[in-house]
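Q: Going down the list, the protein sequences come from chains V and L. Once you know that position 83 of the first sequence is 83 in this note's numbering, the rest is easy, because the numbers rise by one and skip nothing. Once you know that position 204 of the second sequence is 204 in this note's numbering, the rest is easy, because the numbers rise by one and skip nothing.
Just so you know, these hints were derived from the structure itself, not from any lab. Errors might be hidden in some of the hints.
Distance condition first, Cα-Cα at most 35 Å in a straight line; then the derived DSBU-like pairs of lysine-lysine [said to hold, decoys possible]:
1) K132/L - K74/V
2) K74/L - K154/L
3) K74/V - K154/L
On the chain V side, residues computed to face chain L include the following (Cβ under 7 Å) [claimed, not checked]:
4) Q8
5) Y9
6) T12
7) T81
8) R82
9) L121
10) P122
11) L123
12) G181
Built from N, CA and C at the ideal position, the CB exists for glycine as well.
There are 2 protein chains.
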Amino acid sequence: MKYALLIQYDGTFFSGWQLQKKGERTVQGEMERASAEIFGVPTRVTASGRTDAGVHARGQVCVLEGETTVPAAKLPACFNTRLPPDLKVLAARAVAEDFDCTRHAKRKTYVYRAYYAETDLPLLARYAARLKERPDVEKMREAAALLCGKHDFKAFSSSGSSVKTTVREIYKLDVRMTENGHTMYEVEVTGNGFLYNMVRIIAGELFAVGCGKSMQNIATALAGGGRSCLAKTMPAAGLTLECVDYGVPLFGNGLED
Amino acid sequence: MKYALLIQYDGTFFSGWQLQKKGERTVQGEMERASAEIFGVPTRVTASGRTDAGVHARGQVCVLEGETTVPAAKLPACFNTRLPPDLKVLAARAVAEDFDCTRHAKRKTYVYRAYYAETDLPLLARYAARLKERPDVEKMREAAALLCGKHDFKAFSSSGSSVKTTVREIYKLDVRMTENGHTMYEVEVTGNGFLYNMVRIIAGELFAVGCGKSMQNIATALAGGGRSCLAKTMPAAGLTLECVDYGVPLFGNGLED
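Extracted from the complex, chain V is given alone in its bound form (with noise of 0.2 Å):
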């Protein structure tokens, strides 16, 4: 049986999704070590994608096959009982033989959280970055909208990965801010998928922008300009996968888009 898994984590602690050699602490690794105990054989854990060390998961969806007789809607307790606290399933359910998390996912949604301080706050940089300037949400808008839409976004993305096609398209860009003790700028993207480290270099270049940078860059960038034209990546601890969606409601909670 293939079972999909509605997963979450906090990233602060993991090098990332993806297994590492050396033995390092994986989000992949800890799902395959509780699927080895329920299963009782070694099992494959796939992920809509990876996520980079550090970087947080609200509603990530990952696949596994095995043979038992629990049932899907008790599968999460049985997870959850054997994974670590910054680590939890909150949904599972039987899926075709044919489901493919990774090809399937037809939208993602991440959200990149900064603040302005003239310190770190430690109540907030476990989820968010810092900005050392406080920057114009409008003009942040005003760029985001020049990214909407499917472009080459080949500068924004950093090398290390070897992609078919860096076209992708964006179906929403919105730039908000939130206050709960503290004014938090938000930078929500959906998308059809991302390149490598994609969000965290269209979030530092919205917040440039923010600051004062020209948006003529991004024009220039995605017009065939390089990767140099841009701002700099924004730290891990600032981005979330926020959901995955099949086109199709998997879970059927509040957490799929």
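Following the hints, complete the assembly by docking chain L onto the known chain V.
A: Structure of chain L alone, referenced to chain V:
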């Protein structure tokens, strides 16, 4: 010279504010260690009030006395290079010799945060408690209204502290829902002071009422009923000391009431 400092800390890995005998990690301990380095002599640091193990503070106020050529405006940076990531000084200023940061505190505001989910959520668990049912916020507000004003809150305190009087005044007690990927239930309380565990007991009773418990127990407790008619004390992780108000703006920033 006497200085007041505005500090923020993530209480997760502190055994509370107050120095402990066995050398446990405390906020006061870290502040006094950094102060001794800066002022060159052992320096006592006093807070507006103690916070318990695991309780957070967004805007705690503390004072110390010492002689230094460093101007007050530069003290935060001086401290912050010597403090760990979970404790930072946000502002500092010289105050009058007779300023008493404990007795002169006119109002304190705490927020207790909780969420409903079937399992602990890694991205919320650090700063909020999990509820096993979804509370009715309107009922919680009705119950909150009973607690506002000047009352003997003896039943709303844990044993273990000796105070002259158990009468306190609550100026404001709000219940609200916020939304950021998941619904958060927040109980915000402003009062002239709080008994040991009082905010965590109030929050627990309000959540219990929201989940169906009769409001009658609150009237009974305020009329001299014992601790036992009230719900249990909520866990520390959900509690944050938001700000301390001295009737005058001490630091002139958004973290004061």
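Q: Any of the earlier hints contradicted here, and which numbers?
A: Hint check: 2, 3, 6, 7, 8 fail, others pass.
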